[in-house]
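Trainee: The listed protein sequences correspond, in order, to chains Z, A and E. Position 527 (the first sequence) corresponds to 638 in the numbering used here; numbering is contiguous. Position 227 (the second sequence) corresponds to 242 in the numbering used here; numbering is contiguous. Position 180 (the third sequence) corresponds to 200 in the numbering used here; numbering is contiguous.
No lab work stands behind these hints, which were simulated from the structure alone. If you're wondering where the values come from, they're calculated on a predicted model, not measured in any experiment. Treat each hint with caution, since some may be false.
What the hints assert, rightly or not - For each label pair, taking beta carbons as the anchor points, the in silico distance ranges come out as:
| hint | chain 1 | residue 1 | chain 2 | residue 2 | range |
| --- | --- | --- | --- | --- | --- |
| 1 | E | ILE183 | A | LEU243 | 49 to 57 Å |
| 2 | A | ARG261 | Z | SER354 | 23 to 31 Å |
| 3 | A | LEU152 | E | ARG119 | 52 to 60 Å |
| 4 | E | VAL58 | Z | LYS495 | 53 to 61 Å |
| 5 | Z | ILE509 | A | GLU359 | 37 to 45 Å |
| 6 | Z | GLU590 | A | LEU152 | 43 to 51 Å |
| 7 | Z | ILE509 | A | GLY222 | 35 to 43 Å |
C-beta atoms are modelled at their ideal positions from N, C-alpha and C, and glycine is treated no differently.
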Amino acid sequence: MSGYVLEMHGITKDYYGNRVLNDVTLKVKPGEIHGLVGENGAGKSTLMNILFGMPVIHNTGGFQGKIRFRGAETVFDSPRQALESGIGMVHQEFMLIPGFTVAENIKLNREPLRDTLLAKLAGRRMKRLDWPKIVSDSKAALNMVGLGIDEMLPVAGLPVGYMQFVEIAREVDKQGVKLLVFDEPTALLTETESEQLLSSVRTIAASGVAVIFISHRLDEVLSICDSVTVMRDGEVVTTMSTSDQDTTIDRIAELMVGREVKRPDYPKRAKEPGDDDIVLTVEDLKVDMPGEEVHGVTLRVRRGEILGIGGLAGQGKIGISNGIMGVYPAQGRVAKDGIEIPLNDPGQAYKQKLAFLSEDRKNVGLILDRSIEYNISVVATLVKSMFQKTLGVGPVGIRVRDKKSAREFAAGMISELDIRCTGPGQLVRRLSGGNQQKVCIARALALDPEILLVSEPTRGIDVGAKQRILDLLVSLNREKGMTIILTSSELAELRMVCDRIAVIYGGRLVDMLSPDDSNARFGMAMSGRRAEVQ
Amino acid sequence: MSLDGDKQKEVDSGEPASRNGPGMMSRILNTVGLPRLTVGGFVVVLFVLGRIMGLPLTNLLTNSISRFGMNAVMVLAMVPGIQCGIGPNFGLPIGLLAGLIGMVSALELGFIGFEGLMLSMAIGAGLGALLGIGYGLFLNKVKGQEMMVGTYAGFAAVSLMCISWLMLPFKNPELIWVLGGKGLRMTISLKDTFGHALDKFWNFQIGGFVVPTGLLGVVFILAAAYKLFEMTKLGMAMDLAGQNERFARAAGVDCDRMRVVGTAISTALGAIGIIVYAQSYGFIQLYTAPLLMAFPAVASVLIGGATPSEASVSNAMVGALLFQSLLATTVPVAQTVVGGDISEIVRLIVSNGMVLYALTRGHGGEAANG
Amino acid sequence: MDKHGVFRVFSKRITKENFKSILVQNIVPIMFVILCLVAVRWSGKPLAFLLQEVVFRMSRNSFLVLSLVIPVMAGLGLNFGLVIGAMAGQAGLIFVAARQIPGVLGLLTACLVALPLALGLGYMIGRIMNMARGREMIAGMILGFFMNGVYQLVFLFGIGTVIPFSNKSMILPSGIGLRNTVELGTIRWVLDELLMVRIGPVRVPLATLALSAVLEVLITWLYRTKLGQDIRAIGQDMRVSQVAGIQVDRTRIVAMMISTVLGAFGQIIFLQNIGTLNVYDSHGQIATFAIAAILVGGATVSRATVGQALLGTFLFHLLFIVSPYAGQNLLGSAQVGEYFRVFVAYAIIAVSLALHSMQRARAQAAQKH
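Please build the complete structure, drawing on both the sequences and the hints.
Mentor: In structure tokens form, the structure reads like this:
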């Protein structure tokens, strides 16, 4: 016996030729709380998907490496198999049935049953539920996690924090659970609830169950975990013990983001952007975008700069552009060159020469089943009456769409942006991700914007095309003097192209950094702490 | 056979250009679509069968074309509904009722012949647009359930009008029950008023094949007018709202308003559609007659290659032609083969089979909400 | 003082809101009670007559209405495909009528013939529902129309050609296809008269009512089983159920099979009371009227209980009985009353579907915050 309940050795995984995990090793002992930290896209979720045998792994060609669970080499074919073998998962989103009671949820699909006459004839599903046992088991599980509520209450009315405990109680109740994975368990909890949760995690671990604790809150990780594995770009940077003197929040943060960024030699501008020439002011912006709420952000955007907005997923960076453009309900003040842009009224920002590339390219950015030409021209027609002609007899005439000019413009864009396609009439669905993004950019350019807001432009695009998209943005900035606000989860790409980077955490601006600032400073900002400025 | 060639051309011109993919068969299937292929195939088979059995082909053709003209406007009414995002307008009977009211009002006021027809259309379309606005506002509150709510809203409207037909104080003896009973007749003959007014307008014969110029003309004018509307900013905004609500909203389009516009146009077209239908049929049918008329119209546009979320004028025209040809040829062919009228059954199976086919084809987005 | 004021507003609001929400939640049955009272008053019919009619209608309809409960609990909504179950029941009855099997044996034979048909059809409906997720109701309705075509094809053109049929008196003169009317003389009232009790002036078919009662007990019993628990779970959240390892698709199919079989039995019970089977018409409005009835009882697309089914059947059929008389007395036309009751059936479905859709939209909006 190795003394480990779980050993993952040399795990390597490719998605369509993209290596997302490279030679990852993770070992957890019984009763150990093992922290797993890393930026979005570092490979944490892929690693967990492999552990649980999620279909997405098998459907994309499986993985390389070995998993030993409880001493035996194992590959789980389905989450069900993993769960039955004694691995539990507490999901980030609640897997609860609102109309069921707490007890029914704890015992969901694992209800103790009593035999009936009909069951002998018609099968197991005709057995009756054993309610006394459901109640007593639930009570025991709730006690274990330290939640003293009536197990017969419906889940629907419970405070959000309690739901997380019900989820944990369910996992604890599972007989023979040997390993529990917590995925961002405190993301939706209040401070006191978080503390309560951490203490119940300790109790669970003390009973001999191994815990993998995934969190972005580094202080929590440090306080609760016995050891921490830091991942970055699909690799394990290091695994360290939290009892070690060197293991500090700053150190972990630095390891998370630490990466040599090579900033290409982009051409200098005639006049570098500065605070003396502000093109866009954003004051106390609050945006109600589910999952990406903004709670009051103030920004001054310099004319001609590329401003980066960074931060971890769910912290609100995505909400800022969406709020400015009126796509999600927002409060606050946004003004371009002193002219206020009314919020909550999409289309208004277009009138002030702003244009937007949404992070949700396939749903908001494009009409996939229409042609390139249509996608590029439609917003310009609707917002600025471009690509129209007059049809009529004598004085009576109506303005209608002019396919010819739209097609000419699209053809021009195709050659200018190097969109790989069969022609302006091709359906956008048939294009690759990178070329789709170029169509989005062409649509924005059709509006002749002064400020371009770009959200996650390289998400879902293969590596080579990523660089081309970024270069294209830089050339728009340098050659056309376009101000660009670039929102991205990939800190590396922000540090590569941006002049300044605003880091958002908890819906607020934590720090405004220069791309040359230290890894440690970026790491701390990403986890919500501002370094003391000397 | 020549008919099929024509159809093929129409199908091709109705689709955006540039298509490239391997495999001749799959390419044809993708382009033409399963519904068009099966129904089109059936029509061809029936024509061939009819020919073999010695049925006069010109008769079949004349019937197909005139039935196409009769129904085409009601099928066209499906297009704005689908484009604006409410899906196939199962609440079409609301528009049909507006058309019926238009016709009986024109007759009551003593307008017959062409003026009667024109007045009917004016009243019907106006009333239809008004009702459509109200209906559209209602549908905005039941997003995602438009098909089901629409169906029963249509049913309820028809049965409510049944009561009204009984109660309304109409005086014209041509309209009310012969024996002095209260209310309007079940069917009102248009023989002495505007029956066949369009069918006979400038019609001519080639061989035995009668071309109903006026009827086809009206269909063509309405289809062309709608095509033109599609190209305006309003038409484009409406289409965008139906294509992708979030994209449209980001572009400053008021999607709810666009849905109301589309519903109003659809309902008004429904009103005109039933008038065109009635003049061709020679009778106005009141009471429960409009109850189930939405379903063949929905089926037609789907046969024409539309989906619950995308439709074009050519989908409607091709679909109406195919579906009506199928029904028109089934009757005489089945009469000789089976010895009974099987067309009602064919109508039930084909039209509902087509709608079912469209409903069960994966539309993951909506399923998640359910 | 301010505190006191706040308190008062608060408490007042709560009671008022409670009262309002209770009223709103039960608005449909309440409105219907009022409507029925008005119509009963204007019908001018003696109570004994109405009671007798309601008892008969309850006894023959409640089984059909009850067969809607399980798909609602399973999240499939109102089963507009109930007509398909009714068709299976009618096939059973046609078999019995052709063989002239009398009495209770005939009734049982009809059920036995209908059972495998209904199971098979229910399986098919379930499969199609799984393909049309989120659009189950419209798919069920269209499937009903579609199967009506198939049904007609079978009985109008199949009988006498591919399907051998010995009883020539039931066949059309051409030798192909069934006549529209099939007399169910041999099994007419068999169930009703099994145990007919006279309570005051009213005759009560206890056996028929008892059958519905048995079904009620069975449904409540089912909910205490593992299958019932799974049905409730998938009815509330398919995704969570799936993650928990419940076989969602299979459970949905089982729910549709149960409902279809119950629909077949329900139609047999219904027609043994009517006494004649209109081969091409009897099933037509079955789903609409059963659904309208359960909605009148206060059920919704996502919640239906046995109690709502029974209350709804009572109220809906009371209105059905009295509205022609009320129409005659109020407006001088029985026809108006007849159209009115059809209108009520359609309108109640349209309004219930709309209300449900609005509530769901509101709940979704609330969930986002």
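Trainee: Return the numbers of the hints above that this structure violates; sort them in rising order.
Mentor: 2
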